[in-house]
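Chemist: Add chains B and C to chain A, keeping to what the hints say.
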Amino acid sequence: MSEPTSGAPGATAGASVPAGPGTPAPGAPGGPAAAAGPGPGRRGFSAAAQAQLQALLERYPTREAALIPALHIAQREWGGWLPDDAIAAVASALELPVARVYGVVTFYDLLHQHQVGRHRIRICTNLPCMLRGSDEIMETVRQELAVGEDEVTPDGRCSFVHFECLGSCDTAPMMMIDDTYHENLTPERVRRILRELE
Amino acid sequence: MASRAFEPVLTRNVGNPAALTLDGYRKSGGYEGLAKALAMEPDAVIDEVKRSGLRGRGGAGFAAGVKWSFIPKGRDKPKYLVCNADESEPGTFKDRLLMEKDPHQLIEGCAICCWAVQASTTYIYIRGEYTHANAIMEQAIKEAYQAGVLGDSVFNSGFKLDMYMHQGAGAYICGEETGMIESLEGKRGQPRVKPPFPAIVGAFGAPTVINNVETLANVPHILVRGADWFKSIGTDERNTGPKLYAISGHVERPGTYETAIGIPFSELLDLAGGMYRGGKLKAYIPGGASAAILTADQAGLALDFDTMTKAGSMLGSAAVMVMDDATCMVRSVARLAKFFNHESCGQCTPCREGTNWMELLLTRIEHGEGRPSDPQLLQSVCKNMNGTALCALAEAAVGPVDSLIKRFPEEVERHIRDRACPFPQRRYFENGAS
Amino acid sequence: MPKVTIDDRTVEVEAGTNLIDAAFKAGVHIPHYCYHPRLSVVGQCRMCLVKVAGMGKLQAGCATQVMKDGMVVHTDLPEVKEAQQGMMEFLLINHPLDCPICDQAGECGLQDYAFKHGVAFSRFQFEDKRTYPGRERIPLGGNVLLNMNRCIQCTRCIRFTEEIAGTAELGFFHRGARTEIGTFPGKQLDNQLATCVVDICPVGALTSTRFRFAERVFYLDKRPSLCTGCEVGCNITIEHRRGAIKRYKPRFNPDVNDYWMCDYGRATFERYRDLPRLTAPRLRQEGAALGVATDPMRPRPDLGGTDTTRRRRPEAPTPVSWREALDAVARYLRSRSAEGAIAFLGSGFLTTEEAYLFAQLADVAGTPHRSVAVELGPERHIPNLQGGVTGREAAPNRRGAELAGLASGSAGDGEAAGASLDAESLLRGDGAARCAVLVVCDSDFGAAAYDPVIVERLRRARVLIVFGWADSPLAQAADVALPVATHAEKDGTFVNVEWRVQRFERAFSPPGQARPAVEALSELLTRYDARWANLGAPAVFDRLAAELPAFAGLSWHHLPATGAALDVPAARAFPEPHLQAPEDTAVGI
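Residue numbers (this note's numbering), protein chains in the order written: chain A, 583 to 780; chain B, 3 to 436; chain C, 21 to 609.
If we strip away everything but chain A, and leave its shape as in the complex, we get (with noise of 0.2 Å):
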């Protein structure tokens, strides 16, 4: 595969991160597959992101330790996961190993190496929540999306995944959408829950 770019030139001078063109429009190319908004192929960081991350670097004595903050807006900006330009764009901005960035990317579960869908399902079926039916849940989900957990609905809308617990026991069974938390679940409400992302 060919060498991935490391966001717009200029990238490594003093504190700053490098510029990317502009937020783009909405809608990006590749299909119906492809995640809305800025998807792979984008060279660099907003104007707003790279604000956000000059204010983190503020927060810690080390470059590297604003890697994991970085790396979700990174995230946030293209598109829900962390595709090999997104990763070297970080490592350029912190002046980091690339490999070690990557080791990073790939140890964490909420940072994503591949495509996810437009709205991100994490479903918990630890052991309180298996206790009160999260299997069922995730039949639930299954069914609905017709897909295979961690692969994308063609819409491009969702993709899901069993999670290990998310810290809400006494509302089990429940998942995580995007940044919101469904609790006291059941394969209706689920159902429900599901037809109306968009």
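Mixed in with the good hints there might be a few duds.
[Claimed, not checked] Once the Cα atoms are required to be at most 16 Å apart in a straight line, the calculated EDC-like pairs of lysine to aspartate or glutamate come out as:
1) Lys77/C / Glu397/B
2) Lys45/C / Asp27/C
3) Lys149/C / Asp118/C
4) Lys189/B / Glu646/A
5) Lys242/C / Glu509/C
6) Lys88/C / Glu32/C
7) Lys233/B / Asp49/B
8) Lys385/B / Glu102/C
9) Lys242/C / Glu525/C
10) Lys385/B / Glu99/C
11) Lys189/B / Asp691/A
12) Lys29/B / Glu145/B
13) Lys77/C / Glu99/C
14) Lys136/C / Glu102/C
15) Lys266/C / Glu235/C
16) Lys196/B / Glu184/B
17) Lys189/B / Glu677/A
18) Lys189/B / Glu182/C
19) Lys77/C / Glu102/C
20) Lys312/B / Asp238/B
21) Lys75/B / Asp45/B
[Said to hold, decoys possible] Ranges of calculated distance between the beta carbons of each label pair, as one might list FRET restraints:
22) Gly150/B / Glu677/A: 27 to 37 Å
23) Ala633/A / Lys29/B: 28 to 38 Å
24) Lys149/C / Glu254/B: 39 to 49 Å
25) Glu677/A / Gly314/B: 43 to 53 Å
26) Glu156/C / Asp299/B: 48 to 58 Å
27) Val139/C / Asp299/B: 34 to 44 Å
28) Val729/A / Pro424/B: 31 to 41 Å
29) Glu254/B / Gly730/A: 34 to 44 Å
30) Glu677/A / Val139/C: 47 to 57 Å
31) Val729/A / Gln427/B: 16 to 26 Å
32) Ala35/C / Lys29/B: 54 to 64 Å
33) Gly730/A / Asp299/B: 40 to 50 Å
[As the list claims (entries may be wrong)] Some chain B residues flagged as far from chain A (calculated, every beta-carbon gap over 12 Å):
34) Ala7
35) Pro74
36) Ala201
37) Ser234
38) Asp238
39) Glu269
40) Ala301
Keep in mind that the hints were calculated from the coordinates and are not lab data. Each residue gets a CB set at the ideal place from its N, CA and C atoms; glycine is no exception.
Modeler: Below, chains B and C without anything else, positioned relative to chain A:
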């Protein structure tokens, strides 16, 4: 000693949305503890917390005041407080409650700790999934800066304190203190070899205190009401203070309940409305996924550190998971084994390979492909993982598996002998998935 | 210094020494994988767990230091042995049974410790081994191949690229049982020391592409030697099977290359394998075809002309005995001085002893023209604890050759252009045309012996005498071609870029009639002075050490194993290193 009519301490502001704001928090007595601490010598604050007997609420139960006293004295070098808000232990959700409902209580506890050890920066390492709690904490911190509770001169005392939220990215092992430091520093959350201990070489090479959210939430109350008051609550002088119990599983009203530490399990179960749909208690795990499983005949045990240890288990994070008699224990432990396998960082041999092997073994047994030699093999694997790994995750993984073989040998035997799980497929919902 | 007791043996060590190193000093081997004396301590493999009296849990030896007196350590208790067995079992459950096809067999950390510390049966019977589909033969750069199934996740390779090479191409990806090592997609290992990760990998996860399937290591004879790739002079082990070199590996020398060597150096033996060898002396008879007198004392009709075509001898050289060949050389040296200059051209590949005898020969031949040719290559830097050693000259011993009496390859400013017949004028100018006799010794000066332009220039000498190991175009153009040994086939010394003289000895005999050049040169010299008879390299070294101030006080048999720093003004720029003797480990250092 625990009473049902317990005057809430840590959860006193739950249900009072006004307390989410700094003014509202102050009106309910908030930030008095910090003011009091700033008028004391830092070492005097440490002594008070030591005297209170406060033990860590994150799982290890180490005396908080003693931990603070390990930090080298003086202000010439940077020092850090890292608040462990990673809360990924299965069955635990109490820290989330504290952050979402009473953010300033945590901020105050952190600030007092920083004054006591003369640290100038706090990072609250919050798990990445807690986006709502993170937003609430960020807002509260912002208010605190505006009101001079944080910043260049806390309450005009000249003491400089910065506080930042730092989001994780989804890894249970980042709840281990050196795993957390590695993650904070922007690396893979792989625990470090100890010694050196974080109190000497912690975040960014500097002395660092790491305390759980609930632990720190206790600190303002210790300052305001005194160590003696704190000690008067609980079982004995080694198990003091109020405690949050997060109870889940087969109970009618799962939730977080605050009582004096040491409530007997059976009483806690009552508080939670008794067994789910009137079922019969089979077993309970008192303190998170790594605590040994206790059986129904042990329901009268007090849920404090020492009683649990004596019973062969642990209080840990006080995440109480309840199982009724329609529950397959093999299946439950297999699910925990899967969890530990997924969460092992992969650095060291016994944990990386051992948690993997345990999941494979238990899954085989669960699905009726167990062999007669498996129970002994499982115990042998447990033995090889115990005390040999780089951090405590391997031992944690051993906990439930070891207790399964020891306390439920017949259930394991039945799976092997009958080549099937004896418990029927359980449906919780009528319409189910169809 | 504190004392520590390990298995009832007490040793004194520096405060801060870890238990693995302390045990080594006590003669006890604590098994380990992830620990390496030059890499950061990570305490991951858990193979080095030992019992420290007074501590409940077993402690990792690599991460436990001796700070004060009184520490008591046990490696032989049942508890420790059970832990070792446990760790071995864990490592083997997901390890493929690749031994029959794996290059590491015979020098494999898993094999060795499984045999010594493991059990002879597997309990992993009904589960599937974890594999990394598609990651069984991933090239990481041109010289290193990764088979991720075999990896034991010790992270030595990752730490090497970060801490020693400084290039950080390798990382640890994913988590838990899925953890793997690799490069960022699309990137390669891109540093001079890349193959060192193969050395330090305890298992066959990282293997050398150049050595792949080349030989079973238990058939290899291993002899200490030096690399000839450049002036750094890395210490190596020549690993060969009956004279066919299969591999170079670095040999520990804390004063020069530490544990490392570069990829280029590793490949330099391949020339010995791939280039045709000169195995018999060859002599071109002065024949009648050109009407040239066979009596060497009679002047030739075209004397004084520069017409090279008329001086070319069309007769092909034929194999002769050494005696005949040396006779011819002596004859040419004696008889041709009236026809023009005699020039001696050496190379940076000459040993100090060869260069010394070569200069002596130039003396008795009565010529001042003796120089050494050396090419420059890319800069090579080998790290060590003193900041590392850097070399640019693509030959091991230009300095030794110059100290032994050969002049530098190009004239200084003071020399009139064209007046000197040094390497520069011979190789790149027209100097050879002014030579009646040109003697080239050890024609291994890189590509020059294969460069038709250079061969043609050197051939302009009336008589061309070549000592070389390769049957190069230069040797073929020579009037007398004398087959000599490669450095693997002789004894000698080289002086490296930091003016350190290092000794090496032959690994095997030269083929055919090739002989060490020292023998041939001393035989030649014997014809002038019997005191040169029957000298081997050791005796020659002792002679030159007695004569040359730079080598004062040294003798062959007492040269330290890590070499000796020479006392020359230029050498005073390099501080004398002071390091303890090496610790060796069982695993692939």
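Chemist: Now, for every hint given, state plainly whether the structure supports it.
Modeler: Status of the hints after comparison with the structure:
no.: 1; hint: Lys77/C / Glu397/B; result: 12 Å, holds
no.: 2; hint: Lys45/C / Asp27/C; result: 12 Å, holds
no.: 3; hint: Lys149/C / Asp118/C; result: 13 Å, holds
no.: 4; hint: Lys189/B / Glu646/A; result: 8 Å, holds
no.: 5; hint: Lys242/C / Glu509/C; result: 13 Å, holds
no.: 6; hint: Lys88/C / Glu32/C; result: 10 Å, holds
no.: 7; hint: Lys233/B / Asp49/B; result: 14 Å, holds
no.: 8; hint: Lys385/B / Glu102/C; result: 10 Å, holds
no.: 9; hint: Lys242/C / Glu525/C; result: 12 Å, holds
no.: 10; hint: Lys385/B / Glu99/C; result: 11 Å, holds
no.: 11; hint: Lys189/B / Asp691/A; result: 14 Å, holds
no.: 12; hint: Lys29/B / Glu145/B; result: 15 Å, holds
no.: 13; hint: Lys77/C / Glu99/C; result: 10 Å, holds
no.: 14; hint: Lys136/C / Glu102/C; result: 12 Å, holds
no.: 15; hint: Lys266/C / Glu235/C; result: 7 Å, holds
no.: 16; hint: Lys196/B / Glu184/B; result: 13 Å, holds
no.: 17; hint: Lys189/B / Glu677/A; result: 14 Å, holds
no.: 18; hint: Lys189/B / Glu182/C; result: 14 Å, holds
no.: 19; hint: Lys77/C / Glu102/C; result: 13 Å, holds
no.: 20; hint: Lys312/B / Asp238/B; result: 15 Å, holds
no.: 21; hint: Lys75/B / Asp45/B; result: 9 Å, holds
no.: 22; hint: Gly150/B / Glu677/A: 27 to 37 Å; result: 36 Å, holds
no.: 23; hint: Ala633/A / Lys29/B: 28 to 38 Å; result: 36 Å, holds
no.: 24; hint: Lys149/C / Glu254/B: 39 to 49 Å; result: 46 Å, holds
no.: 25; hint: Glu677/A / Gly314/B: 43 to 53 Å; result: 51 Å, holds
no.: 26; hint: Glu156/C / Asp299/B: 48 to 58 Å; result: 53 Å, holds
no.: 27; hint: Val139/C / Asp299/B: 34 to 44 Å; result: 39 Å, holds
no.: 28; hint: Val729/A / Pro424/B: 31 to 41 Å; result: 34 Å, holds
no.: 29; hint: Glu254/B / Gly730/A: 34 to 44 Å; result: 35 Å, holds
no.: 30; hint: Glu677/A / Val139/C: 47 to 57 Å; result: 48 Å, holds
no.: 31; hint: Val729/A / Gln427/B: 16 to 26 Å; result: 24 Å, holds
no.: 32; hint: Ala35/C / Lys29/B: 54 to 64 Å; result: 58 Å, holds
no.: 33; hint: Gly730/A / Asp299/B: 40 to 50 Å; result: 44 Å, holds
no.: 34; hint: Ala7; result: 22 Å, holds
no.: 35; hint: Pro74; result: 18 Å, holds
no.: 36; hint: Ala201; result: 18 Å, holds
no.: 37; hint: Ser234; result: 29 Å, holds
no.: 38; hint: Asp238; result: 29 Å, holds
no.: 39; hint: Glu269; result: 18 Å, holds
no.: 40; hint: Ala301; result: 17 Å, holds
The structure fails none of the hints (numbered hints given earlier).
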